[in-house]
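Numbering (the numbering used here), first residue to last: 1 to 216.
Calculated from the structure, these hints are not laboratory results.
There are no misleading hints in this set.
Mimicking EDC-like on lysine to aspartate or glutamate, the simulated pairs with C-alpha atoms at most 16 Å apart in a straight line are:
1) K139 <-> E112
2) K89 <-> E118
3) K174 <-> E107
4) K89 <-> D122
5) K139 <-> E168
6) K162 <-> D172
7) K139 <-> E107
8) K174 <-> D122
9) K174 <-> E112
10) K89 <-> E31
11) K174 <-> D136
12) K67 <-> E109
13) K139 <-> D172
14) K162 <-> D136
15) K139 <-> E109
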Amino acid sequence: MVLGPTINLHRSPLGGRHFEAFSEDPVLTAELAAAYVAGVQRNGVGATPKHYVANDSETDRFTVDVKVAERPLRELYLLAFEKAIVDSKAWLVMSAYNSVNGATATENELLETPLNTEWGFDGVVISDWTAVRSVDSAKHSQDLVMPGPEGPWGSALVLAVKCGTVPEAAVDRKVLRILQLAARVGALEGFEPVAAEPAEREDPVAFAGRRPWPGP
1 MVLGPTINLH
11 RSPLGGRHFE
21 AFSEDPVLTA
31 ELAAAYVAGV
41 QRNGVGATPK
51 HYVANDSETD
61 RFTVDVKVAE
71 RPLRELYLLA
81 FEKAIVDSKA
91 WLVMSAYNSV
101 NGATATENEL
111 LETPLNTEWG
121 FDGVVISDWT
131 AVRSVDSAKH
141 SQDLVMPGPE
151 GPWGSALVLA
161 VKCGTVPEAA
171 VDRKVLRILQ
181 LAARVGALEG
191 FEPVAAEPAE
201 REDPVAFAGR
211 RPWPGP
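Using the sequences provided together with the hints, build the complete structure.
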């Protein structure tokens, strides 16, 4: 899988990771995100749109609590993720470090709605590195903690399931999604990966000959 594309918006000229993202324009970003995901996954490789969501500033990006109303959240920050998932069926999404309206991204209801309930996402939510901070996130629609294998889940999650503080059904759903991803990329025994499309190679001279050149 590819840990990209980065589809956060350019919100400040001081953003140190703008070179990874596409634009300050949510519509343009959405179109490019969907095309990127479709192209990658047509070749049997999972794409991971990131960072979900509103992780658009480098200043305090690990801890900042982004306060955003429903309309700009939908029209600006979620739009590219929506298109990458609804139109191009992204196999993964990476959750962010920051909080949104008081809840950290890895424990945020946004991982379920709109991601799953409205957009029909059936892939794996993978965390940004060390973004998961507690076993409580396992109650939410966070599927995979990075880095592993221990981290904040590990044996603590086993104990939480035994004690009933994390429902076993929540873990079952995570496991199912991870296995489904493994099947899609051919890493699960008995399943063939998505077949890569043959590369299209065209004679450059013939291509140039078809191009309309302006007159003198």
